[in-house]
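Whenever a hint applies, use it, and build me the whole structure from the sequences.
Residue numbers (the numbering used here), protein chains in the order written: chain A, 3 to 331; chain B, 22 to 360.
Simulated from the structure, these hints should not be mistaken for lab results. Incorrect hints may have been included.
Straight line, CA to CA, 35 Å or less: simulated DSBU-like cross-link-like pairs of lysine-lysine [stated by the list, open to error]:
no.	chain 1	residue 1	chain 2	residue 2
1	B	K98	B	K149
2	A	K5	A	K51
3	B	K98	A	K140
4	B	K46	A	K51
Covered, in the sense of this in silico footprint (three residues per stretch, anywhere, with C-beta under 8 Å from a C-beta of chain A), are these stretches of chain B [said to hold, decoys possible]:
no.	segment
5	122–135
6	176–183
7	208–222
8	235–246
Distance ranges between label pairs, derived from CB positions [claimed, not checked]:
no.	chain 1	residue 1	chain 2	residue 2	range
9	A	D8	B	D58	40 to 46 Å
10	B	A311	A	P120	49 to 55 Å
11	A	I125	B	A311	36 to 42 Å
12	B	E333	A	E283	41 to 47 Å
13	B	S63	A	S272	25 to 31 Å
14	B	Q317	A	E71	28 to 34 Å
15	B	S206	A	E241	55 to 61 Å
16	B	G285	A	E141	52 to 58 Å
17	A	M205	B	D58	50 to 56 Å
Quantities reported herein were computed from a predicted structural model and do not represent experimental measurements. Even for Gly, the Cβ is constructed at its ideal location relative to N, Cα and C.
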Amino acid sequence: MLKLTDLRAYYKTPKGEIQAVDGVSFDIRENEILGIAGESGCGKSTLLKLLYGYLQPPLRIVSGSFEAEMQGDGGKVRLGIEDLRKHWWKFISYVPQGSMSVLNPVVRIENQFFDAVPKDYEIQDRTIIRDRVAGYLKELELPVEVLKAYPHQLSGGMKQRILVALGTFLHPEIVLADEPTTALDVVVQKGILLMLTELQKRMKNTLVIVSHDLGVHYQVTHRLAIMYAGKIVELGPTEAIFSRPLHPYTQMLIQALPRVGDQSVRSGISGRPPSLLRPPEGCRFAARCPFVMDRCRTIEPAFVEIEPDHFVACHLHDADIALSKGAAL
Amino acid sequence: MSNYLLECRNVTKEFRIGGMIFGTKLRALDNVDLTLDKDKPSILSVVGESGSGKTTLAKILLKLHHPTSGEILIDGKNIFDKSSLQGRDYYRFVQPIFQNPFETFSARKPVDTYLFDTALALGVARNKQEARDKVAEVLASVGLDVNNIAGKYPNQFSGGELQRISVARGLIPRPKLIVADEPVSMIDASLRMNIVNLFLELKEKFQVSFIYITHDLSTAYYVSDAIAIMYRGNVVEQGPSDEILTNPVHPYTELLLSSVPTVGKKWVQEVKAPEMELKEYQAAACKFAARCPYAQPICRETKPPMVTISPEREALCYKPVDYQPGVTTIAPEKIPTTP
Numbered sequence: 003m004l005k006l007t008d009l010r011a012y013y014k015t016p017k018g019e020i021q022a023v024d025g026v027s028f029d030i031r032e033n034e035i036l037g038i039a040g041e042s043g044c045g046k047s048t049l050l051k052l053l054y055g056y057l058q059p060p061l062r063i064v065s066g067s068f069e070a071e072m073q074g075d076g077g078k079v080r081l082g083i084e085d086l087r088k089h090w091w092k093f094i095s096y097v098p099q100g101s102m103s104v105l106n107p108v109v110r111i112e113n114q115f116f117d118a119v120p121k122d123y124e125i126q127d128r129t130i131i132r133d134r135v136a137g138y139l140k141e142l143e144l145p146v147e148v149l150k151a152y153p154h155q156l157s158g159g160m161k162q163r164i165l166v167a168l169g170t171f172l173h174p175e176i177v178l179a180d181e182p183t184t185a186l187d188v189v190v191q192k193g194i195l196l197m198l199t200e201l202q203k204r205m206k207n208t209l210v211i212v213s214h215d216l217g218v219h220y221q222v223t224h225r226l227a228i229m230y231a232g233k234i235v236e237l238g239p240t241e242a243i244f245s246r247p248l249h250p251y252t253q254m255l256i257q258a259l260p261r262v263g264d265q266s267v268r269s270g271i272s273g274r275p276p277s278l279l280r281p282p283e284g285c286r287f288a289a290r291c292p293f294v295m296d297r298c299r300t301i302e303p304a305f306v307e308i309e310p311d312h313f314v315a316c317h318l319h320d321a322d323i324a325l326s327k328g329a330a331l
Numbered sequence: 022m023s024n025y026l027l028e029c030r031n032v033t034k035e036f037r038i039g040g041m042i043f044g045t046k047l048r049a050l051d052n053v054d055l056t057l058d059k060d061k062p063s064i065l066s067v068v069g070e071s072g073s074g075k076t077t078l079a080k081i082l083l084k085l086h087h088p089t090s091g092e093i094l095i096d097g098k099n100i101f102d103k104s105s106l107q108g109r110d111y112y113r114f115v116q117p118i119f120q121n122p123f124e125t126f127s128a129r130k131p132v133d134t135y136l137f138d139t140a141l142a143l144g145v146a147r148n149k150q151e152a153r154d155k156v157a158e159v160l161a162s163v164g165l166d167v168n169n170i171a172g173k174y175p176n177q178f179s180g181g182e183l184q185r186i187s188v189a190r191g192l193i194p195r196p197k198l199i200v201a202d203e204p205v206s207m208i209d210a211s212l213r214m215n216i217v218n219l220f221l222e223l224k225e226k227f228q229v230s231f232i233y234i235t236h237d238l239s240t241a242y243y244v245s246d247a248i249a250i251m252y253r254g255n256v257v258e259q260g261p262s263d264e265i266l267t268n269p270v271h272p273y274t275e276l277l278l279s280s281v282p283t284v285g286k287k288w289v290q291e292v293k294a295p296e297m298e299l300k301e302y303q304a305a306a307c308k309f310a311a312r313c314p315y316a317q318p319i320c321r322e323t324k325p326p327m328v329t330i331s332p333e334r335e336a337l338c339y340k341p342v343d344y345q346p347g348v349t350t351i352a353p354e355k356i357p358t359t360p
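Okay, here's the thing in structure tokens:
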């Protein structure tokens, strides 16, 4: 539905260009939940902005291509990144982090729903929209009274549910969720994630979830992309990524997760990601990688398919290295 | 002198909400009993969701709030009495680490000024030269080099590094107790373990005890010796963390455990999410009864007793005593065994 080919998008600053998304290629398919994981500052929020077509200076696309395919009245319609904005809410919608005060504090919840309905939507009558919204909230098992409430009267979990309801009300084909459960308690988090997956199952649309919590990705996503310093370093079916992580960064991320009932010593990843202002040559993870080789510091690894649908960008999987490793084993 | 480093006895804190006359009381802490051993340093995790009273507890321990009733003893002395440690002597004993490292430090001051100020204000160093040595020493103990820190502003560090500096600041007076309120919740999952491992290391190295306040059960399990689960102001279950998290007795602990997104174990059942209900705080009986799958009529009528599960472990629940009022010890055949 969305296809990115070698997309590069930089922020222009007085000090130079921040290469927040640098050569990302992947596609988003129909009826799937795609997860994007990575630490803060790795470019995952910028990538989400691009997917949403929210291009504003200083962010600009330097190179690469972006294609979207929308189900129109007469078959599929092709869209470029600049056309996406016209189809917000209907084709693609965005569920922001609820703890970031994204709901207008002086507007009642129901009016925020009215604001979300595009001007060219087939229904413009407010009473009909209000009934529809109330019906939709009931479907989601949310209390209808919240429509009359102001955002500050709602708990964090309820605000996040309202944001999910707002983002999915017009049944968009793609829903983008940016850290939908960060800063919420575990019980509330589970409720919201199950609500999102339930909706996805019902509407058979596409859900993209950004989170730095790998546990969340394991629970809900079908495919997972691991981002590091502006690049996707690994992409594949979630099950495969957790059972056979190919990139050392992914392996370290999974190893760092503590588990109840497992007392073995776990270590975090030492060091810090490189500056995106002047990223190093070669592999960007080289400085923190335990398996670093000479070529890692000079040649950038290609993003290749190792197993069906499972991609990685790492020299450890170069043909000659993999061969010698296999021989050593 | 007592055998406990810290003892909370029936600590209750009520806040007034609403107007002077028509306002109601919210009981943020309800008869909380907690103890920390003096002989060997330990890490006590206080786990609960928002609104469970865990931050109120931290604030009382830091003397930012007075409890409505009950007492907190440090070395056997009530911290709010005149005979106990006063002013800066108290903060040489107890130090905080806060949740959000980006807000802990002012964006307009170099971060090391906080370390110097702490050293001078608490009387750990008498002059600037001594303060400088002290700062270099504590930064080294959290694995940072003073030359890389001096003169830099908070925006030049990552969250993990700032939190390390925060920990270093807390270590300056060589406290016996550090109260850490959600120290890793703002930090990336990949860097969390670095901070948590630092706590374990400091516990051994400096013989310092921690009160680790969190809602993350997996790091709590990893780091702590003992754990207290809080719900709506009550400690509902407490004891050795290993036993409690592998073999919970209280239904609320079960609910929390089943909600953790663990790799390797998929979620099964649907949960009903809680809403902040004033009614729950004020309930005379069990506050969890409305959400509890095992609730019986008695749970909604009278407050459950603190049931002793094992010498070190207790739970505020009727279920382990078969819903019989007045019984506070569990039948021997029902004592859970760790698998």
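So, going through the hints one by one against the coordinates:
Pair hint B/K98 plus B/K149 holds up; C-alpha atoms about 34 Å apart against a cutoff of 35 Å. This hinted pair checks out: A/K5 and A/K51 have alpha carbons roughly 15 Å apart, not beyond 35 Å. With a C-alpha separation of about 55 Å, the suggested pair B/K98 and A/K140 falls outside the 35 Å cut-off, and the hint is violated. Under the criterion of a C-alpha separation no larger than 35 Å, the hint pairing B/K46 with A/K51 is inconsistent with the structure, at around 45 Å.
Counting residues of the segment 122–135 of chain B whose CB lies closer than 8 Å to any CB of chain A gives 0, so the stated coverage by that chain is violated, three being the minimum. Chain A is given as covering the segment 176–183 of chain B, and this holds because 4 residues of the stretch bring a CB closer than 8 Å to a CB of that chain, at least three being needed. Coverage of the segment 208–222 of chain B by chain A holds in this model, with 10 residues showing a Cβ closer than 8 Å to a Cβ of that chain against a need of three. Under the rule that three or more residues need a Cβ within less than 8 Å of chain A, the assignment of the segment 235–246 of chain B holds, with 7 such residues.
Here the CB-CB span from A/D8 to B/D58 is close to 60 Å, at odds with the stated 40 to 46 Å. Our hint of 49 to 55 Å for B/A311 and A/P120 is violated, since their Cβ atoms are close to 41 Å apart. Against the hinted window of 36 to 42 Å, the Cβ-Cβ separation of A/I125 and B/A311 comes to about 39 Å, which satisfies the hint. For B/E333 and A/E283, the hinted distance range of 41 to 47 Å is not satisfied, since their beta carbons lie about 57 Å from each other.
Hint check: B/S63 to A/S272, Cβ distance near 27 Å, so the stated range 25 to 31 Å holds. Between B/Q317 and A/E71 the Cβ separation comes to about 56 Å, which falls outside the hinted range of 28 to 34 Å. Between B/S206 and A/E241 the Cβ separation comes to about 28 Å, which falls outside the hinted range of 55 to 61 Å. A hinted range of 52 to 58 Å is violated for the C-beta pair B/G285 and A/E141, which are about 33 Å apart.
Judged by the Cβ atoms, the range 50 to 56 Å given for A/M205 and B/D58 holds: they are separated by roughly 55 Å.
In the structure shown, a violation is registered for the earlier hints numbered 3, 4, 5, 9, 10, 12, 14, 15 and 16, in ascending order.
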